[in-house]
Amino acid sequence: MLALFTRDLKLAFRSGGGFGLALAFFLIVVMFVPFGVGSDLTLLARIAPGILWIGALLACLLSLDRIFQLDHEDGTLDVLATSPLPLSGITAAKATAHWVTTGLPLTLAAIPLGYLLNLPEPAYIWLFASLAIGTPALSFIGAFGAAVTVGIKRGGLLLSLLVLPLYIPTLIFGAVSVTKSVDGLNPLPSLILLAGLTLFSVVLMPFASALALKANLN
Amino acid sequence: MSFWEYANPVKFMGLSGRLIPVLSVLTALCLAVGILWGFFGTPDDYKQGSTVKIIFLHVPSAMIAINAWIMMMITSLVWLIRRHHVSALAAKAAAPIGLTMTLIALGTGAIWGKPMWGTYWAWDPRLTSFMILAVFYLGYIALWNAIEDTDVAADLTSILCMVGSVFALLSRYAVNFWNQGLHQGASLSLDKEEHVDNAFYFPLLVCIAGFVLLFVILVLIRTRTEIRLRRAASLQARNT
Amino acid sequence: MTIKATNICCSRGPRQVLQDVCFSLTSGDCLILRGPNGVGKSTLLRVLAGLSQQSSGTLELDHEEIAYSGHLDAVKFQLTVAENLSFWAGVYGTDTTAKVIAHFGLNDLADRYAANLSAGQKRRLGLARMTLSDRKIWLMDEPTTSLDAEHTGLIAQSISDHCAAGGIAVLSTHLDLDIPSAKTLDLVQFIPAKGTNTSIFLQGSF
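Respectively, the protein sequence lines represent chains A, B and C. As numbered in our numbering, residues 1 to 218 make up the first sequence, in order. As numbered in our numbering, residues 1 to 240 make up the second sequence, in order. As numbered in our numbering, residues 1 to 206 make up the third sequence, in order.
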């Protein structure tokens, strides 16, 4: 499975634009907010945690269909399914690769973008922590959505419709922890709940994704 | 023979065909009695006037909205484990009904909310959870429509239903946490238990019974249609 | 090492395409599936590979010994030939990459990106992958499509070598490959008669 993980990383870096695009999208979304709501810094500071989380989440969403689609299109998925690797291992390896190439860069990018939105000082460490803990959940849950829609042509919109409701708990726990830190309250309970959610997703979603892939291989 | 014999389409069509006329009469009766009694036969609430009577539609539709999803969960599980096509089609049939009930619950809630609290909508946990449920229904229905092979569609939608159920529960908890977390705001608790006294209680029960029966016959009718559609597709496949 | 298929019925969507397919293979056997396009050769191969389920019938074979090659090449364009193969070596847990590259004459191509390979070269890469997997049962769907005589000969030779070494091969092709002791199975005989009642939804009347 390590071979699959490293291969996916290599492919993401080589197919130019794979992971840079998510970062660019994150930047653009964050830029849009002042255009949409005005450049009042106090207002921006208030909504920054939510916007940063939503932007990162949407940027993650955009690259989800690559997780399985490319391998499905060139027949690699068929061969992988007959290989010694269990399907759940395949989905877990690919979701992890997705996190490393998407979630992780987004987490890092959120810090400078926070300055654009006037995020208050105490919140940065919590922003980083919540994204670092929460983006793996986004990748693993998203991989499930990708597995369900892999056979559907132009299934990007359907993928979003299926995955976004599943993202709601992660978004809530993540954004609330950052907002609490801005308000001077304790962000830790929310962060712990987020960690629990990520653990749950990382452990269980690969099996659900494997079931979905199996159905689609038919 | 056991309950499972109705997994056979012919047996199911036979039983449902016999049940539907009887249940339809019962449904019409319950709904008519419940709604008329509720709206016209109960006194106006001293605080809330007559708009509170919308609960005779609001409570039953909300209950069905949730129970329809639970029924879909069970029938999806039956499909995944025992591969009974009728079960998968019943889940497919129930989804739009559940969605409509959810929208009715949200709509009647808005109608109730406006004169009561001055707003059609508020982001309180219960309303928000219902909105999330509506989106889950939409995703489920969209997935059924997106896949051509019915067996594959049944598999994928069943898995989605199970995963969605877990996340719907998680969302419920998260939304409760979120609403308290951000501000101790106005909690528009649509908690009917405190308001319902005897005068309302019995008509409400009748309405709930009516809605449950309505759900049952609608699911039966729609499942019969789905079975007929599958039969038509099989006939076409056989003869080409 | 055996494959035993008893009364296998395969479907594509709502249509049953093959009915009561029976055959039995043992080490060293090569089975060539024949039949017009659309008869169900690919469907049967996918069932054998475990990618699809048969609608009825029993199949006895060791899934751990299967190497499958479908219509598509399963070749990653952004990786070089060597990288493609070492990936599969990692997946299958073998390390005969260098040997396999040499055997299939890919030494000169080892550092070329797979996007720049010709059809024949890609097919050689596929064969290399099958050999690399070190698995005994080869299932190949139309391995000879769009190949010239030289490469077709190479495929036939590789399959012969594989069977001679005790493996089993099942493949579909329209060509006459020169594989000693290959058996042929014409799938036309397994097409269900028109109007055969097969779906649970067609029983009874309502």
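Honestly, the hints are just simulated from the structure, not real lab data. Hints are not guaranteed to be accurate.
[To be verified] In silico DSSO-like links for lysine-lysine, alpha-carbon gap of 30 angstroms or less:
id, chain 1, residue 1, chain 2, residue 2
1, A, K214, C, K4
2, A, K153, C, K4
3, A, K10, C, K194
4, A, K214, A, K10
5, C, K122, A, K214
6, C, K136, C, K183
7, C, K122, C, K99
8, A, K214, A, K153
9, B, K11, B, K53
10, A, K153, A, K10
11, C, K4, C, K183
12, A, K10, C, K99
13, C, K194, C, K99
14, C, K136, C, K194
15, B, K11, C, K4
16, C, K183, C, K194
17, C, K122, C, K136
18, C, K122, C, K183
19, C, K194, C, K4
20, A, K214, C, K136
Hints versus structure:
| no. | hint | verdict |
| --- | --- | --- |
| 1 | A:K214 with C:K4 | holds, 23 angstroms |
| 2 | A:K153 with C:K4 | violated, 36 angstroms |
| 3 | A:K10 with C:K194 | violated, 51 angstroms |
| 4 | A:K214 with A:K10 | holds, 25 angstroms |
| 5 | C:K122 with A:K214 | holds, 27 angstroms |
| 6 | C:K136 with C:K183 | holds, 18 angstroms |
| 7 | C:K122 with C:K99 | holds, 18 angstroms |
| 8 | A:K214 with A:K153 | holds, 18 angstroms |
| 9 | B:K11 with B:K53 | violated, 42 angstroms |
| 10 | A:K153 with A:K10 | holds, 25 angstroms |
| 11 | C:K4 with C:K183 | holds, 15 angstroms |
| 12 | A:K10 with C:K99 | holds, 24 angstroms |
| 13 | C:K194 with C:K99 | violated, 51 angstroms |
| 14 | C:K136 with C:K194 | violated, 37 angstroms |
| 15 | B:K11 with C:K4 | violated, 36 angstroms |
| 16 | C:K183 with C:K194 | holds, 28 angstroms |
| 17 | C:K122 with C:K136 | holds, 22 angstroms |
| 18 | C:K122 with C:K183 | holds, 27 angstroms |
| 19 | C:K194 with C:K4 | holds, 27 angstroms |
| 20 | A:K214 with C:K136 | holds, 24 angstroms |
Taken one by one, the earlier hints fail for this structure at numbers 2, 3, 9, 13, 14, 15, listed in ascending order.
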